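Participant: Chains as they are written, first to last, in the working numbering: chain G, 41 to 321; chain R, 41 to 321.
Simulated from the structure, these hints should not be mistaken for laboratory data.
A quick note: this is a predicted structure, and the numbers were derived from the prediction, not measured.
One should not assume that every hint holds.
Which copy is meant is left open, because identical chains are indistinguishable; a pair holds if it fits in one copy or across any two.
Straight line, CA to CA, 25 Å or less: simulated DSS-like cross-link-like pairs of lysine-lysine [said to hold, decoys possible]: (1) K42 to K300; (2) K67 to K42; (3) K42 to K70; (4) K271 to K134; (5) K99 to K70; (6) K67 to K87; (7) K300 to K215.
Protein chains: 2
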Amino acid sequence: MKTYFECFPCFVKQALRASRLFTDDQKVIKQIIDEVGMLFPDISLDKTPPEIGEFIYGKIREISGVEDPYENLKNQNTDEALQLVAFCKNIIAKSIDPLFTAIKMAIAGNVIDLAIHHDFDIPSEIKTVIHKEFAINDYELFRSQLERSDTILYIGDNAGESVFDRLLIEQFAHKKVIYAVRGTPVINDVVEKDAKRAGIDKFAEIISSGSATPGIILSKCSEEFKEIFNKADMIISKGQGNYEGISEESREIFFLLKVKCEVLARDIGVPINSLVLMRLS
Amino acid sequence: MKTYFECFPCFVKQALRASRLFTDDQKVIKQIIDEVGMLFPDISLDKTPPEIGEFIYGKIREISGVEDPYENLKNQNTDEALQLVAFCKNIIAKSIDPLFTAIKMAIAGNVIDLAIHHDFDIPSEIKTVIHKEFAINDYELFRSQLERSDTILYIGDNAGESVFDRLLIEQFAHKKVIYAVRGTPVINDVVEKDAKRAGIDKFAEIISSGSATPGIILSKCSEEFKEIFNKADMIISKGQGNYEGISEESREIFFLLKVKCEVLARDIGVPINSLVLMRLS
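Throw the hints in and build the complete structure from the sequences for me.
Facilitator: Below, the structure written as structure tokens:
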């Protein structure tokens, strides 16, 4: 997805929100906001939003002097999500179509997103999502592609959310699943240690994208990641950031996401807050 | 009022909205957004938001090459408001307290604000405002100060809105009213020709602030304006922009406004969308 004009105020908002999550030093916050503003002339509209995210959150990492400023928050989100595993598994097991329910559960987990919201209530989001219809629903294509596939690349999004990804991956019995995480901590996106804390390593091989963008941008990823991206039988991409980065790649990808802003809503052509299970190819 | 961190994304939003009102040239819009971003380091938090507005809208005036890029829109807003004069006068005349009703009507006119919204429905706003309680109501202080005053400085805000200011000024029988307008066109703020189109000149003397800030900043105003500001028996300030510019001046001012953003809501200590008739001194 390209960058829209409406993304510019949002970059500043994200910088402010992310700054406040690790500091209340007004000078530091101002410095980060200023750096984002000064970057504007370098942001061409054909860049994707995660490229700008990489800069913003990289700047925060640099100024904070901490490799992973959101580590505690991420651990907290993951631990809260882990407490819901038994509850969620019970809903999945009792449902008419456990695969479809697990997909919805994975999207419910997408509510854990510090870049957009930082007030979220996972149990109530689960209830809402389970009873909500998809605005775009390519489930039949998803199911038949899954049946035909041996190797699945599942691109993770946020820490905490990855607990719900695990519940979906548990449905892919006898498949080889590769779970991609960010190469460097970037806001609350999932990195290897977060994925392990969520228990993903019991059900999938974890690989790094080799990049610090909060959304996959193929040209910035490692050769190893690119090879898996090109060769996997099926790709599942979670969340808005990954959509923004790879929605225009010319291979089949299944996107699972909740539409969290007006710009994405317009890009996809659905209302804000829609649930989307969409195949692009 | 000082500038808050939340104002920074809003400056970018305002630049985008104001740009789109006069052009659909993507390069021009990008240039304006870039210039606003690059200005961030020069915006200290002790500046008031209208100072930044002066820069943004000055840049638009410069890039558009047009002295008053919103002239047509302003004329349209004024003409629409003029069509409601008989309707409004009837409501005022039939009310128990015509002065109080005219104050509410003047605040209803404050909905005409291209810097914040550009979708507004004046007749429905009038109905809403007339039936809504003030969140801060210094009406008794307002009325008694009015009775004691001979010379009233009434600081206008937006074009179109000034038609409703006129209805209030018509209530100030036998007073000398001076209606202040912006010295230079700045978005849809009222300048002399807009005030005349609204018929203000029949009921008040029109003076220029001598400045291009979309909200009075005393240090930027002409000596003539400053003298009137200091000597007037009573000052009535309309709208959010003027509040942002002069809320910390050390003289008695009556502010009439609708609270249009979260930052102002926090600064005043009332909910967003509140109606305020407040004396500061």
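Participant: Take the hints in turn and mark each one as holding or not.
Facilitator: Comparing the hints with the structure gives:
When the C-alpha separation of K42 and K300 is checked against a cutoff of 25 Å, the pair qualifies only within one copy, where the shortest distance is 16 Å, while the shortest distance between copies is 31 Å. Taking identical chains as interchangeable, the C-alpha atoms of K67 and K42 lie at most 25 Å apart only when they sit on different chains, with a minimum of 15 Å there against 32 Å within one chain. In the homo-oligomer, the alpha carbons of K42 and K70 lie at most 25 Å apart only across protomers (14 Å), although the nearest pairing inside one protomer, at 27 Å, exceeds that limit. In this assembly of identical chains, K271 and K134 lie within 25 Å of each other by CA distance neither inside one copy nor across copies; the values are 35 Å within and 78 Å between.
Taking identical chains as interchangeable, the C-alpha atoms of K99 and K70 lie at most 25 Å apart whether they share a chain (12 Å) or sit on different chains (23 Å). Taking the shortest Cα distances, K67 and K87 sit within 25 Å of each other only across copies (15 Å), while inside one copy they are farther apart (29 Å). Taking the shortest Cα distances, K300 and K215 never come within 25 Å of each other, neither inside one copy (31 Å) nor across copies (54 Å).
The earlier numbered hints that this structure contradicts are 4 and 7.
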